[in-house]
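Sequence order for the protein chains is A and B.
First residue of the first sequence? That's 1 in our numbering, and the numbers climb one at a time after it.
First residue of the second sequence? That's 372 in our numbering, and the numbers climb one at a time after it.
Certain hints may be false.
In silico contact screen, one side only, chain A against chain B (beta carbon under 10 Å); selected entries [stated by the list, open to error]:
| hint | residue |
| --- | --- |
| 1 | Ala-50 |
| 2 | Arg-87 |
| 3 | Arg-192 |
| 4 | Arg-195 |
| 5 | Pro-270 |
| 6 | Gln-271 |
| 7 | Phe-272 |
| 8 | Arg-274 |
| 9 | Asp-364 |
| 10 | Asp-365 |
To be clear, the hints were calculated from the coordinates, so they are not data collected in a lab.
All C-beta atoms in this analysis are idealised placements derived from N, C-alpha and C, irrespective of residue type, glycine included.
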Amino acid sequence: MYVAVKGGEAAIANAHRLLADRRRGDRSVPSITIEQIAGQLGLAVDRVMAEASLYDRSLAALAIRQARGDMIEAIFILRAYRTTLPRFGTSRPLDTTSMAIERRISATYKDLPGGQMLGATFDYTHRLLDPSLLTDAPVEEPALRQPDDEVSLMRVSEILAQEDLIEADGELPADHVTGDLTREPLEFPMSRDLRLQALARGDEGFLLALGYSTQRGYGNAHPFVGEIRIGEVEVEFDVPELGFAVSLGCIQVTECQMVNQFKGSAKAPPQFTRGYGLVFGQSERKSMSMSLVDRALRATELGEDITAAAQDEEFVISHSDNVQSTGFVEHLKLPHYVDFQAELDLVRRMRRDFEASRQAGNDDDFMEAAQ
Amino acid sequence: MDTAREMEMTPGGKDERKRVVDLLAHADRAELSAPWENLQPKPEMYPVRGPETGLVMVRGRIGGGGAPFNLGEVTVSRATVRLASGAIGHGQSLGTDREKAKLAAIFDALWQQPETRDFVENRVLAPVCARIEQHKHRNAEEAAATRVDFFTMVRGDD
């Protein structure tokens, strides 16, 4: 017999009402606005956009506010929202060489064309709490300097490419159809384009830990940051009615070119290989981690032994999505009353059998001792 | 209306039309709604499509210049309108502002009519263009101020 159990409607309604109250907090403190979140917690907004895989600053800020600052919850909400919209099509690939640069650094070439531009960075700060931020003290305007007239900054990889000491940008076979994991289920092994899509939306903490593991010897990495650049790029979209591609506006992205020493193999000559990272918004740590993991996951392609977690494609890609991860971990707290009753019954029976056999064993021992 | 006929109506051809549509995509809501308020008389117009909001999958390239891959999606709002003259305008830009997309489509159509082109050029496109250029230049100046000037220090006796 199956008995359906219902209940909890009032408790759930009141719990959500309480959640709304706690989200709002002390009513004597002004409510935080979407503009304030988008403007002053911009890197939180960037992370939500990147891992929700949807670039929209206002909606990401709304999700952060609704989620009380819980980033994965905000990512979940934004990811759910995107499923309600139709897809108009696919953009032209972004041209990161024509990026309006806000920050551009290289750890491999000091004097690269265009120079090292630090931009708005936490690097070289002392990481000391700043008491002046306890108040709303006025903030200086940024310093200005006449920029060079260069239209676009060459990539660092192009410098080494002139000597043929670095592999080219990753090409796939001409007949390869660009994969889309939002449309087709994941299958392993997967092509590099699909891996990059998964990594671009992957959890920053997970990719950071995996990237770190490759540096510590789990995998075969000798990485240098060839280049990191952050800035705005145009999104171009073909409008069939017009017959040409038009701009939809600009988005901010972070690009990382990680350069790795490679001693060569049966498949490739000694040269530098590359890992690539491209992420929505200003997200340097994520793009660096992504490029480390991208390179580690190319082990098979480059004829390297697979010895570490970061090189295991199925392990990495299956666990990089934090919405999937949180869904399966957090479902454990939902009612499992029937499952648990079944298991409880099973453990009771096993225990009875165990006690019975032990009792029998004791009886045997007693008999043996008596003999 | 097919593309070929539409292109015939486009003064200056594809490049000019692209300049107009691109600038309209970069406009703020206020940069479109303010001139619209000031436009007299208002044209008769008929919706052809939308305004509607959807997604565009943004692509990157492996290594920056290699094979394409899907990076993630952007929200896009778009609209198509037709004026009494037959001019058809398309508006599309990032975000969820459908009213802005509709205004962009209207101004795209108005730009195609000789009698309203100057209004669109002077009252809509010129201010948007000026703001974008100023914004770009300002950002470039701010970034340039953080450029590292290396110098070498000579140590020891000579």
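Hint by hint, here is what the structure shows:
{"no.": "1", "hint": "Ala-50", "in the structure": "holds (7 Å)"}
{"no.": "2", "hint": "Arg-87", "in the structure": "holds (5 Å)"}
{"no.": "3", "hint": "Arg-192", "in the structure": "holds (6 Å)"}
{"no.": "4", "hint": "Arg-195", "in the structure": "holds (8 Å)"}
{"no.": "5", "hint": "Pro-270", "in the structure": "violated (19 Å)"}
{"no.": "6", "hint": "Gln-271", "in the structure": "violated (14 Å)"}
{"no.": "7", "hint": "Phe-272", "in the structure": "violated (12 Å)"}
{"no.": "8", "hint": "Arg-274", "in the structure": "holds (6 Å)"}
{"no.": "9", "hint": "Asp-364", "in the structure": "violated (68 Å)"}
{"no.": "10", "hint": "Asp-365", "in the structure": "violated (68 Å)"}
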